[in-house]
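K.L.:
Model the full assembly from the supplied sequences, consistent with the hints where possible.
Respectively, the protein sequence lines represent chains D and X. Counting from 1, position 199 in the first sequence corresponds to residue 199 in the numbering used here; the numbering is continuous, with no gaps. Counting from 1, position 99 in the second sequence corresponds to residue 99 in the numbering used here; the numbering is continuous, with no gaps.
Derived from the structure by calculation, the hints contain no laboratory data. One should not assume that every hint holds.
What the hints assert, rightly or not - Just some of the chain D residues that point at chain X, by a computed CB distance under 10 Å:
#1 Leu24
#2 Pro25
#3 Gln26
#4 Val34
#5 Val266
#6 Pro267
#7 Leu268
#8 Glu270
#9 Ser465
#10 Phe511
#11 Arg512
Note that beta-carbon positions come from the ideal geometry of N, C-alpha and C, so glycine has one too.
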Amino acid sequence: MSVPSTTPRPVAGESVWPRLEPLLPQVTKPIQYVGGELGAVVKDWAAATVRWALMYPDAYEVGLPNQGVQILYEVLNELPDVLAERTYAVWPDLEKLMRAHGVPQFTVDAHRSVRDFDVFGVSFSTELGYTNLLTAIDLAGIPLLAADRTDADPVIVAGGHAAFNPEPIADFVDAAVLGDGEEAVLEITAIVREWKAEGSPGGRDELLLRLARTESVYVPRFYDVDYLPDGRIQRVVPNRADVPFRVHKRTTMDLDAWPYPKKPLVPLAETVHERYAVEIFRGCTRGCRFCQAGMITRPVRERSITTVGQMVQQGLEFSGFHEVGLLSLSSADHSEIGDMCSGLAEQYAGTNVSLSLPSTRVDAFNIDLAQELSRNGRRTGLTFAPEGGSERIRKVINKMVSKEDLIRTVVTAYTNGWRQVKLYFMCGLPTETDEDVLEIADMAHEVIRAGRAATGSKDIRCTVSIGGFVPKPHTPFQWAAMERPEVIDARLKLLKQAINADRSLGRAIGFRYHDGEPSLIEGLLSRGDRRVGAVIRKVWENGGRFDGWSEHFSYQRWVDAAAEVLPAFGVDLDWYTTRERDELEVLPWDHLDSGLDKDWLWQDWQDSLSEYEQDDCRWTPCFDCGVCPAMDTEIQIGPTGKKLLPLTPINGLKLPTPQ
Amino acid sequence: MRFTSHRDFARAFERALRRAGVPVAFSQGFTPHPKISYASAAPTGVASEAEYLEIGLREQVDPAELRAALDAALSPGLDVLDAVVASGGSLADRIEASHWRIELPEVDPRVLSAAVSAFTTAEEVLVERMTKQGRRTFDARAAVIAIDVVAPTETPSEVAGVPCAILELVVRQVTPSVRPDDVLSGLRVVAALEPPVPPRVTRLAQGTLTAQGAIADPLDADRDGATIGGH
Numbered sequence: 001m002s003v004p005s006t007t008p009r010p011v012a013g014e015s016v017w018p019r020l021e022p023l024l025p026q027v028t029k030p031i032q033y034v035g036g037e038l039g040a041v042v043k044d045w046a047a048a049t050v051r052w053a054l055m056y057p058d059a060y061e062v063g064l065p066n067q068g069v070q071i072l073y074e075v076l077n078e079l080p081d082v083l084a085e086r087t088y089a090v091w092p093d094l095e096k097l098m099r100a101h102g103v104p105q106f107t108v109d110a111h112r113s114v115r116d117f118d119v120f121g122v123s124f125s126t127e128l129g130y131t132n133l134l135t136a137i138d139l140a141g142i143p144l145l146a147a148d149r150t151d152a153d154p155v156i157v158a159g160g161h162a163a164f165n166p167e168p169i170a171d172f173v174d175a176a177v178l179g180d181g182e183e184a185v186l187e188i189t190a191i192v193r194e195w196k197a198e199g200s201p202g203g204r205d206e207l208l209l210r211l212a213r214t215e216s217v218y219v220p221r222f223y224d225v226d227y228l229p230d231g232r233i234q235r236v237v238p239n240r241a242d243v244p245f246r247v248h249k250r251t252t253m254d255l256d257a258w259p260y261p262k263k264p265l266v267p268l269a270e271t272v273h274e275r276y277a278v279e280i281f282r283g284c285t286r287g288c289r290f291c292q293a294g295m296i297t298r299p300v301r302e303r304s305i306t307t308v309g310q311m312v313q314q315g316l317e318f319s320g321f322h323e324v325g326l327l328s329l330s331s332a333d334h335s336e337i338g339d340m341c342s343g344l345a346e347q348y349a350g351t352n353v354s355l356s357l358p359s360t361r362v363d364a365f366n367i368d369l370a371q372e373l374s375r376n377g378r379r380t381g382l383t384f385a386p387e388g389g390s391e392r393i394r395k396v397i398n399k400m401v402s403k404e405d406l407i408r409t410v411v412t413a414y415t416n417g418w419r420q421v422k423l424y425f426m427c428g429l430p431t432e433t434d435e436d437v438l439e440i441a442d443m444a445h446e447v448i449r450a451g452r453a454a455t456g457s458k459d460i461r462c463t464v465s466i467g468g469f470v471p472k473p474h475t476p477f478q479w480a481a482m483e484r485p486e487v488i489d490a491r492l493k494l495l496k497q498a499i500n501a502d503r504s505l506g507r508a509i510g511f512r513y514h515d516g517e518p519s520l521i522e523g524l525l526s527r528g529d530r531r532v533g534a535v536i537r538k539v540w541e542n543g544g545r546f547d548g549w550s551e552h553f554s555y556q557r558w559v560d561a562a563a564e565v566l567p568a569f570g571v572d573l574d575w576y577t578t579r580e581r582d583e584l585e586v587l588p589w590d591h592l593d594s595g596l597d598k599d600w601l602w603q604d605w606q607d608s609l610s611e612y613e614q615d616d617c618r619w620t621p622c623f624d625c626g627v628c629p630a631m632d633t634e635i636q637i638g639p640t641g642k643k644l645l646p647l648t649p650i651n652g653l654k655l656p657t658p659q
Numbered sequence: 001m002r003f004t005s006h007r008d009f010a011r012a013f014e015r016a017l018r019r020a021g022v023p024v025a026f027s028q029g030f031t032p033h034p035k036i037s038y039a040s041a042a043p044t045g046v047a048s049e050a051e052y053l054e055i056g057l058r059e060q061v062d063p064a065e066l067r068a069a070l071d072a073a074l075s076p077g078l079d080v081l082d083a084v085v086a087s088g089g090s091l092a093d094r095i096e097a098s099h100w101r102i103e104l105p106e107v108d109p110r111v112l113s114a115a116v117s118a119f120t121t122a123e124e125v126l127v128e129r130m131t132k133q134g135r136r137t138f139d140a141r142a143a144v145i146a147i148d149v150v151a152p153t154e155t156p157s158e159v160a161g162v163p164c165a166i167l168e169l170v171v172r173q174v175t176p177s178v179r180p181d182d183v184l185s186g187l188r189v190v191a192a193l194e195p196p197v198p199p200r201v202t203r204l205a206q207g208t209l210t211a212q213g214a215i216a217d218p219l220d221a222d223r224d225g226a227t228i229g230g231h
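P.N.:
Dropping the structure here:
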C-alpha cells in the first residue's frame, strides 16, 4: 500500500509565487524575479495548446534587453493558442534558497514552473552560458541528460549564435536551431501543435523525429559521432532513417515583414540596455575573418528606412524610452543610414530622445552622421573597432581600415564635441607578434595627439579596450591555433608599458583588457565536440555558474575539470584550443550548414595567412562564399530613396481611452 | 511592487511621464534631468499605499487629466490616486510621520502584544543598522508615536490559513529615520521577538501630524484656494 503524499502534486501551470515570495527579501535585487514588465504577456494556461518557456541564460539585467528573446516572445504570444513566458538565470543566493525550499526554475511572467511547458527554448549568444543552462534544467526538475527525459519533460531547444556548434551541449539539449528564429519557432510550434492534437503519438521520440525531418532542426541524438584513434572525429552520421545528413540554418529574408519588437519589454529593474533597439539590417559581408556573426548571418538584409521610422515611433510611444539604438553588425553600412539618422533627429528634435549606433565602422563614420547623432544634446558613447594594431594584422583579419581613416574619424568625433571615444582591439590573433600589438600604443598616441591639435584642448580622452581572440566555428579561423594565455598576458603588459611610455599622452588613454584565461575556455567551448559536455558538467557540479562574469568565473575549475575528464578520450584542453587543425580534419560542426562553403572558408584562411584582402560583395563581385546559392537567398539592400516625414507633433496628455 | 527599489521606481516613473505626454520641465546642463522630487520613499521590500512626489512642468495641465494620463501609463500596481497644483512650500516639509502595517506570519498575537508592552515601557530602545555613514546605533523608541497590535479583521494579503499577528505603527520622520525594520529590531532587543518568516510591511499613509497624533493628507493644504499655474 502506498502512503498518501502529504503535499499535493502541483497542478501544471500553477504559480509558484506564494512559495517564491517569502524567499525574495533574503536575496539581492529581488525585483529581477518579479516580472510585471510593461509589454509582458500573461495568458490563460488552460486555453493554450502550445506553451514555450524562453530563456536567456544570464542574469535578468543582461537577459531582459536581449532582442532575440523579445522578438520570439512577441511573435509566439501573438498566436491565440500559444503561450510564451520568459525565464532567466537566478543568482547563486536565490538558487540556494530555491533548492532548500523546493522552488523550481520559474518564469517571471506568471511564475510557472519551467518543467510544465512543452518547449524550453534557450538562446545562447555566448558559450559561457552553458553552466547556467545546467542550473536551470536541474532547478526545473528536468533530468540533466536529454537521454533520461520522459514525455513529462519539455523539449529543450538551443538557439542563438552558439547553436551553430551545439555539440558541447549535445548531451543536455534535445534540439538546436541554426539561424533566424522568428519563422523557426512558428514551424516548431506547428509541429508540436499537430503532434499534440493527434494525441502525442510515439511520445517524445516521435516529436523529435518530426522536428529533425524539417532539416532545419538539429536533434543530436539522431547522429552518431565516431572518433579516430588519435582523438579526431572520423565521421558524424545519422542513426535513423529520414534524418538529414546535414541540418541547414534558417534565414528570414524580408525584415519589413517582421517588424519586431513592436512592444518592447520595459522592466522596473535596471538592465544593461535602457533603450528602444531596432535592427536596421541583419548579416554582414565585410568579411572580417574572426567574426562569426558576420559569417553565419549572411546575406545582408536591410530593413527599409520607412519601416525603421515606423518602428521607432511606435516603440518609443509604447515604451517611454529616451534612447534609440540602431542595431546591426555595422550600422553605418546601411545604404540609407544618413537619411535615417537625420530623419530621426529631425522627428525628435527638442524631445531629449537620443540616437546611438552601437557598431560603427571607422571608415563609414562621417561628420554628417556625427552631427545627427549629437543633435538632441546628448552624445551617446562612440566605439570604433580597428581590431588590429598593425596594418599587417588588419590584412590578416581582413579588417580593411587604415590608420589614417581611424585618426580622421576620431578627430571628427572630437571636433563635434565628443570628449571620449573607445577603441576596441583584439589580442591573440593568428600570426600575431608583439610588434603587432605594440602598434596599438602608437595608434592611441596619435589619436590623442591629433585630437589635441584639432580641438586645441587637452580635455579629450580615449579608452583602449582589448578582447581576447577566440576562433569560432564557421569562420576562416576555425582551423587556427589559439595563443597561450601567458603569451597574451605578457603582450598586454608590454602594451600597457608602451602606452604609458609617453606620460603626457598616456594620461589621456584608458586601458581595459581581460586576461587570456577566460578566452581559452571560451575557445574550448566554441570549438568543442560532444566530449566537452563532460567537462561542462564537471565544472557545473563543482559550482561553476555565471562564467561570463569575471567575479564568478574560475579558470582553475575549468582546467581541473578538463584534466579530470578529457584524458579518458585521449585528448586535453590544449588539443581543443592551441592546436591548429588541418584541411581534412572533420570539424564537430561540419554536419551543420551555415551556407558557407568549406572550401571557400579554407581558401579565405589561406588568403589570410598570405595577408590577402577580400572585398565586400555589396560593392564588388560575388566572391563565392556559398551562402546565397546554398540557402537560396540574395543580398537585399537599398537605397529605397524614401525619406522619413516629420511626425505630427502630439501635444498634450495622452488620456486613457474610456473602456 | 514591494521589491521595487526607489531607483527602479524613479526610472519607471520618468518613462511613464514620457508615455503620458506630460510636459515635464528639465534641468539645465549637459545631461538634462526631468524635474521630479520624491518625498520620503518607502524602503525596498516594503509595499506602500501612500507615496508622494512633486513634478515641475513647462506648462499648465489639468490635475485630474494629469492623474488619469499618468495612471494609465504606469505599470499595474503603480497607481496615481490624486494630483493637485502645488501652492508653494516644500512637500518634504509636510511629511512629518508615516503610518505602517506590519504582518508577522506565524507569530502568536499574544507574544507580539507582550513584546510591544516591553517596547512601550522602555525609555529608549537602541538598535543598529547599516547606513550610508556605516553602522550606526540609534534609538528606535522615541520616534514611535503609536504601536498597536490589531485584530486581523480580514485575511492578510495573499497568505491564507496561517496564523498571523498584525502590528500598526505611527512613526515620526526623524534623522536617522526610524523604519519599520528598526522597530522590529527594537522588538528583538527588548523581547527577543524573532519572526520565523520575513514580515510584510505596508505603508498606509504619510503626511502632517495632527495634535491628536493622526496623520493628515499632505496635499490638503493645496486643495483649497490653490493658486493656478506650474512652479
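K.L.:
For every hint, state whether the structure bears it out.
P.N.:
Verification of the supplied hints:
| no. | hint | result |
| --- | --- | --- |
| 1 | Leu24 | 6 Å, holds |
| 2 | Pro25 | 4 Å, holds |
| 3 | Gln26 | 7 Å, holds |
| 4 | Val34 | 5 Å, holds |
| 5 | Val266 | 6 Å, holds |
| 6 | Pro267 | 8 Å, holds |
| 7 | Leu268 | 5 Å, holds |
| 8 | Glu270 | 7 Å, holds |
| 9 | Ser465 | 23 Å, violated |
| 10 | Phe511 | 26 Å, violated |
| 11 | Arg512 | 23 Å, violated |
Checked against the numbered hints listed earlier, the structure breaks hints 9, 10 and 11; every other hint is satisfied.
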